[in-house]
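Just so you know, the sequences run in chain order A and B.
With this note's numbering, the residue at position 100 of the first sequence is 100, and numbering never jumps.
With this note's numbering, the residue at position 49 of the second sequence is 49, and numbering never jumps.
It should be emphasised that the hints constitute simulated quantities derived from the structure, not laboratory data.
Since the model is a prediction, treat every value here as computed from it, not as a measurement.
Hints are supplied without guarantee of correctness; some may be wrong.
Unchecked claim - Here are the computed distance ranges between Cβ atoms for each label pair: (1) A:D124 to B:R210: 26 to 32 Å; (2) A:P207 to B:A148: 30 to 36 Å; (3) A:A137 to B:S86: 35 to 41 Å; (4) B:V45 to A:L27: 43 to 49 Å.
Note that CB positions come from ideal geometry on N, CA and C, so glycine has one too.
2 protein chains.
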Amino acid sequence: MAKYKLHCFGASGNAYKVALYLNCAGLDWEPAEVDFFNGQTRDAVWRADINAMGEAPVLEVGGRKFAQSGAILTWLAETTGRFSPSTADQRIEALRWMFFDNHKFTSYLATHRFLFSVAPPGTDPAVVAFFKARADAAYSIADKHLSAHPFVAGAQPTIADFSMAGYVFYPADETGIDIAKSYPGIDDWRGRIMALDGWKDPYDLMPGRRLPSQVRR
Amino acid sequence: MAKYKLHCFGASGNAYKVALYLNCAGLDWEPAEVDFFNGQTRDAVWRADINAMGEAPVLEVGGRKFAQSGAILTWLAETTGRFSPSTADQRIEALRWMFFDNHKFTSYLATHRFLFSVAPPGTDPAVVAFFKARADAAYSIADKHLSAHPFVAGAQPTIADFSMAGYVFYPADETGIDIAKSYPGIDDWRGRIMALDGWKDPYDLMPGRRLPSQVRR
Numbered sequence: 001m002a003k004y005k006l007h008c009f010g011a012s013g014n015a016y017k018v019a020l021y022l023n024c025a026g027l028d029w030e031p032a033e034v035d036f037f038n039g040q041t042r043d044a045v046w047r048a049d050i051n052a053m054g055e056a057p058v059l060e061v062g063g064r065k066f067a068q069s070g071a072i073l074t075w076l077a078e079t080t081g082r083f084s085p086s087t088a089d090q091r092i093e094a095l096r097w098m099f100f101d102n103h104k105f106t107s108y109l110a111t112h113r114f115l116f117s118v119a120p121p122g123t124d125p126a127v128v129a130f131f132k133a134r135a136d137a138a139y140s141i142a143d144k145h146l147s148a149h150p151f152v153a154g155a156q157p158t159i160a161d162f163s164m165a166g167y168v169f170y171p172a173d174e175t176g177i178d179i180a181k182s183y184p185g186i187d188d189w190r191g192r193i194m195a196l197d198g199w200k201d202p203y204d205l206m207p208g209r210r211l212p213s214q215v216r217r
Numbered sequence: 001m002a003k004y005k006l007h008c009f010g011a012s013g014n015a016y017k018v019a020l021y022l023n024c025a026g027l028d029w030e031p032a033e034v035d036f037f038n039g040q041t042r043d044a045v046w047r048a049d050i051n052a053m054g055e056a057p058v059l060e061v062g063g064r065k066f067a068q069s070g071a072i073l074t075w076l077a078e079t080t081g082r083f084s085p086s087t088a089d090q091r092i093e094a095l096r097w098m099f100f101d102n103h104k105f106t107s108y109l110a111t112h113r114f115l116f117s118v119a120p121p122g123t124d125p126a127v128v129a130f131f132k133a134r135a136d137a138a139y140s141i142a143d144k145h146l147s148a149h150p151f152v153a154g155a156q157p158t159i160a161d162f163s164m165a166g167y168v169f170y171p172a173d174e175t176g177i178d179i180a181k182s183y184p185g186i187d188d189w190r191g192r193i194m195a196l197d198g199w200k201d202p203y204d205l206m207p208g209r210r211l212p213s214q215v216r217r
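Bound-form chain A, shown alone:
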């Protein structure tokens, strides 16, 4: 049994943040597939036994369970030292972007992707458009920052990069945002993340099926 067990699934960018970290940090980990599409994260057993917040990912280590990708990444950086910010200032800078990521950069894009790609019955086009506009505003801010800095919190990659990398490797016909075309700063940074030892595509790194895309459907 691996030291770290990550409850995750391929279509979850929030799970990918932690999976990619574990892999690039060279830690001994294994995925446990979450059956998200049949509602596993939202049922009573999951809420009682795994995560009351009704979400993935969850990291299990030494009999303990951790939820919320940002808190998990922080805990991993503190306990392993890998991709940890190196000064107090860099730690606050990383945290600033991790909050921005959770509030806007990941959140709006992830919701847009789900509505755009899965399009559950009753999805209103106005809601999809609202999230697209919010996601674009957040992407513009990150694009400007990443055009001026090699990594999110400075010269070296930190946990803030893994946080913001959550959804940027999913295909444009799945997310509805074409990074290569619209956000050159994010696109170049994405290349720097792909160059890290241990990088893999979300669907190669974690089990489970792909989301439908506008091309494939």
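With chain A fixed as given, assemble chain B onto it according to the hints.
Frame of chain A; chain B shown alone:
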């Protein structure tokens, strides 16, 4: 001049998180009113000089500027010791809720409140309903947690309480969610926050006008 200067305005719950912390911690602080309603946080000067993320609050101290309420609260707890989580485990627990707060609890309610109360031209009822449902889901999770714990991260108030307190004191006819009626666990916890030395209502603690409410308009 006070030691801490907080760029804020009364209608901003994200600013209130920090203002309330500073007041309850008994720190030497003063507010600087942000002219949000005329677009100050989104204009080029603000983005260049104050906060590239185009948001309030911003904390100025000793010539430095800090953005993102979650990062500011963390920095303040670390540098002053006030309302700091007391163990490594409590620190991760506080952080877990602060991420949940930024992603969902504050975020969905704040957007709902803005659309419901200000109702900018072109606001689509489907978008308002979408955020109401998301906010209620997040409030239900917090309600269950706060029914079983005196404060967010345990027996004593920490920065996680100030984070989650951002929007819960605005009136129901402004937010569209009646906490007293629907969320008894959050309502009781709100009472424990109000009992802290230094507690004040957002509009009493910070300058600037009220949002319109469904009753007053």
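Against the structure, the hints come out as follows:
1. A:D124 to B:R210: 26 to 32 Å: holds (30 Å)
2. A:P207 to B:A148: 30 to 36 Å: holds (33 Å)
3. A:A137 to B:S86: 35 to 41 Å: Taking Cβ atoms as reference, A137 (chain A) and S86 (chain B) lie about 38 Å apart, which means the hint holds.
4. B:V45 to A:L27: 43 to 49 Å: Hint holds: Cβ distance 45 Å, inside 43 to 49 Å.
In the structure shown, no violation is registered for any of the earlier numbered hints.
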